[in-house]
Amino acid sequence: MKLIKNNYILLSILLLSFLGFLDATYLTILHYKNAIPPCSLAHGCDKVLTSSFSTINGVPIALIGSVFYLLLIILLVSLIEKVRKSIVRAVFIMASVGTLASFFLIYIQFAVIHALCQYCLASEAITFLIFIMGIYLLRVYK
Amino acid sequence: MEKLTKKEKKELKKLDWQEKLKKEKRNQLVKKVAIWAGVAVVLVAAVYGLLQIANSPQESSTTAKIPPVTKTDIGRGNPNAKVTLVEYSDFQCPACAAYHPLVSQLLAELNGKIYFVYRFFPLIQIHQNAMNSAQAAYAAGQQGKFWEMHDLLFETQTSWADSQKAREVFTDYAKKLKLDMDKFKADFDSEKGKSLINDEYSKGLGIGINSTPTFFVNGEKIQNPRTYGDFKSLISNEINKK
Chain B
1 MKLIKNNYIL
11 LSILLLSFLG
21 FLDATYLTIL
31 HYKNAIPPCS
41 LAHGCDKVLT
51 SSFSTINGVP
61 IALIGSVFYL
71 LLIILLVSLI
81 EKVRKSIVRA
91 VFIMASVGTL
101 ASFFLIYIQF
111 AVIHALCQYC
121 LASEAITFLI
131 FIMGIYLLRV
141 YK
Chain X
143 MEKLTKKEKK
153 ELKKLDWQEK
163 LKKEKRNQLV
173 KKVAIWAGVA
183 VVLVAAVYGL
193 LQIANSPQES
203 STTAKIPPVT
213 KTDIGRGNPN
223 AKVTLVEYSD
233 FQCPACAAYH
243 PLVSQLLAEL
253 NGKIYFVYRF
263 FPLIQIHQNA
273 MNSAQAAYAA
283 GQQGKFWEMH
293 DLLFETQTSW
303 ADSQKAREVF
313 TDYAKKLKLD
323 MDKFKADFDS
333 EKGKSLINDE
343 YSKGLGIGIN
353 STPTFFVNGE
363 KIQNPRTYGD
373 FKSLISNEIN
383 KK
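Protein chains in written order, with the working numbering: chain B, 1 to 142; chain X, 143 to 384.
Any given hint might turn out to be false.
Okay, the calculated beta carbon distance ranges per label pair [to be verified]:
#	chain 1	residue 1	chain 2	residue 2	range
1	X	E150	B	L11	47 to 57 Å
2	B	L100	X	G191	23 to 33 Å
3	B	L138	X	K162	32 to 42 Å
4	X	A182	B	N7	49 to 59 Å
5	X	A187	B	I108	26 to 36 Å
6	X	Q306	B	G58	27 to 37 Å
7	B	T55	X	L163	50 to 60 Å
8	B	L138	X	G180	22 to 32 Å
9	X	E297	B	F53	43 to 53 Å
10	B	K142	X	Q170	49 to 59 Å
11	B	K142	X	L347	55 to 65 Å
The list that follows gives simulated cross-link-like pairs (lysine-lysine, DSS-like), each with its CA atoms no further than 27 Å apart [claimed, not checked]:
#	chain 1	residue 1	chain 2	residue 2
12	X	K165	B	K82
13	X	K345	X	K287
14	X	K334	X	K207
15	X	K167	B	K85
16	X	K287	X	K336
17	X	K317	B	K82
18	B	K82	X	K164
19	X	K383	X	K207
20	X	K173	X	K145
21	X	K287	B	K82
Treat the hints as calculated values from the structure; they're not laboratory data. Cβ coordinates follow ideal geometry from the N, Cα and C atoms, glycine included.
Chain X with its partners taken away, still in its complex shape (with noise of 0.2 Å):
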């Protein structure tokens, strides 16, 4: 072996030592790097997870069984279609009216293949012109224009929700729907439209109902669809049923 000189001694020392610097700052970066990929990879993942949640289809049904459709319920579409879906909604909830327009398109889409029967739940503890409003979509069906006035509620919710004046909202609305004023006023206030209402939401109280809009397709209890798509497809699962 050759005898290295001091100087080269010292030179393959300070080779070392830059040696174990580099060694080391290279395992700090992979540990950088390796945390902050874990990181994005637990983020990215929660958002993934986050989106099959919203997405699932919430189509658990219950045995809660409603009240038969008559024909006395208040009903649009065909009504010997196959399908019949009936909702319990409360013209103040803000879900119903964020329903609203996935019904009519639905209706619309799926014309002359389902029945939708509307039926009263007013929450009245919690919104106080959801009385009022059902009273004047009866008193509009009386004359013909339940739908007529169901659609304008919904629409414009938010103007008449808060107001203490309401039913003179409503009762522009009448006026806009050319009713027949004085039928309109004395259908409002009649005991049979009160009690119509009425009974509706104790017969939805009676079979669960705590919330609105609740759903039924032929009977059963379904979870509110959260997407048009949802809808669409459960519904079209149900025609499509031999």
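One chain only, chain B, in its complex shape (with noise of 0.2 Å):
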């Protein structure tokens, strides 16, 4: 039974999933809110947050986030379910354009806007995980 040898591999990119789900929502709900986010000194993260790259063409990176999890979370349900190939390359290959973005929005942070936010580099490691737990995933069901 593959299925249940590997299940905890696909339940815990399942939950990193959630918890980036959990924490680009509420980037989210902020930035609708047109509320600050709870920032301190140390972090500059209310600089990030507020920057002209939170957005793009007006939609915020944190929504693009939330829907981006939320894909992957019904991806991985679904696997849970009953394992098809096409849709654990499916994860892969989202997780690799996660971690792209990521590292860019990484550098973005470092290197032009001179500021870290917390939230933001949680997320991105959490994208990074999924990414190293995506490849273990596509070797398993090769």
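Take the two lone chains and join them into the complex the hints point to.
Given below as structure tokens:
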């Protein structure tokens, strides 16, 4: 029973996606409430979250993150139900794209805005972890 | 009991088998629906929880007491109002700029019922133009136009925040405000101004301020309200207090 044996990997990715979803959705809610996120001086997340890089054509990056994690959750639940190679591949591709985007966003925080946002870094770390686990998943279900 | 023919027996078996298959299929469907419904419930609950967190007014006040508001403080509104709102702020801090329209709206809507005091808290370690923007506001204040400069600085923050030539920008603003330019330049560089700014900054540090903006309502530190509504109800509560 390959499925049972590897379920913990799927469940871990699912849990990570859920955490990412919470994080991104929280920021999305704050964005649409025009609320200022609770930031402290040491991090400068206000600078990041109110910068011109926090939206793309008016769509907040946090919302894109929410949708990204939501899609991952849906794909993962369907995988837990029934393993399909195409969906494993889709999860991996999403995680790869997400990781590339994360690296780009980290670069912007460091090099352009010169400030770090802990909520953003958490989400970027989560996406990277999902990517690493996605490599494993791809190998298992090859 | 009637004896069944071979054919009938076969038929019965087939029916039985079909029934079982149907049952199993139904079970699988139930399981599927249950899983997805569970996922949907968890996600909706999560979003609901986050909304609650985002809406929760953070009103836990600390014991930090601020230096009392005096006549030398830069204030706006009715100095005899029941509520005095003090903001420790940095002109280059994005959150401060984000709060600027909120505070302006408060002052407009609660006209006469609130006194607003601005205190310098320039975060010079992380904001290269924090100090000179404070000096520009101080210098404008010496000609009675502190608030005009204050508004301009916040409204245009992104245009000068990372500029190497911010001082030129501020000089332009001073011209725009029709200030006496010689006096503006002298006040900008005056030791008196710088020491006043530094004094407010170090007193702020002394009472444990570690971020901007930090607001005090009648001397009590408040957690920054996240929305205009929260901010207004907080101040209104204070006004309605006996």
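Next on the checklist: So, against the hints stated earlier in the document, which numbers end up violated here?
Outcome noted: 4, 9, 10, 17, 20, 21
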